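Residue numbers (my numbering), protein chains in the order written: chain U, 49 to 160; chain V, 127 to 240.
Since the hints were derived computationally from the structure, they do not count as laboratory data. All values reported here derive from a predicted model rather than from experimental measurement. For every residue, glycine included, the Cβ atom is placed at its ideal position computed from N, Cα and C. Accuracy of the hints is not assured; some may be wrong.
Covered stretches of chain U (in silico footprint by chain V; criterion: 3 or more residues with CB under 8 Å from a CB of chain V, positions within the stretch not fixed) [to be verified]: (1) 63-72; (2) 88-98.
Estimated spans, in silico, between C-beta atoms of each pair [what the hints assert, rightly or not]: (3) Ser55/U to Gly184/V: 23 to 29 Å; (4) Glu93/U to Arg189/V: 16 to 22 Å; (5) Ser153/V to Glu104/U: 30 to 36 Å.
Read off the chains here:
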Amino acid sequence: ILNVEQSPQSLHVQEGDSTNFTCSFPSSNFYALHWYRWETAKSPEALFVMTLNGDEKKKGRISATLNTKEGYSYLYIKGSQPEDSATYLCAGSFNAGNMLTFGGGTRLMVKP
Amino acid sequence: KAGVTQTPRYLIKTRGQQVTLSCSPISGHRSVSWYQQTPGQGLQFLFEYFSETQRNKGNFPGRFSGRQFSNSRSEMNVSTLELGDSALYLCASSLTGQGAGEQYFGPGTRLTVT
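Only chain U is shown next, with the shape it has when bound in the complex (with noise of 0.2 Å):
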């Protein structure tokens, strides 16, 4: 059983506050690794797909970086704004498919 974990599950913060969030997975089998942002009511977003041992991607005021040998990815947010309040979902690929487990999520409040 594979198991892709998330922490903080939930994160209250004030407007302009940066913050960050992690997502463990097994190191063995690995080929891929998924953000997304959910908002209440709407489809996932898809934010970033990572691959290589030391990558690191960056959208506006969200980034990730990813370490494959040890199996972790952080996603961070700089300047949160209430906008930005959703749920933010990992999930790992470890096979050639697109099969994805997904860990539990962190719920991010962002109070104006």
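With chain U held as given, fit chain V onto it using these hints.
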């Protein structure tokens, strides 16, 4: 470019009945995956189809089945519904059949079993 569409969006069924859900992927995408989301279990993989072939299957009973048509549209079927099948069912499409490709999710079908 139209996104992933799922029909119906909401469904209420009675225990013991069967249900069919539909997913239309983004044009040109050949891979369709299905996921179940419940409050207690989070998002769990059901199965993946690529070019009409099932490539991966999650740990679900045989009551859950699916198929993919030549136009890449996919359906999933749940027979003999149980109360525990109440969930949000999401499908995702991808251009490639490899795990490193972006997957695009539809809005989901909310199934309630009474």
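Q: Mind listing which of the numbered hints don't hold for this structure, in increasing order?
A: 1, 4
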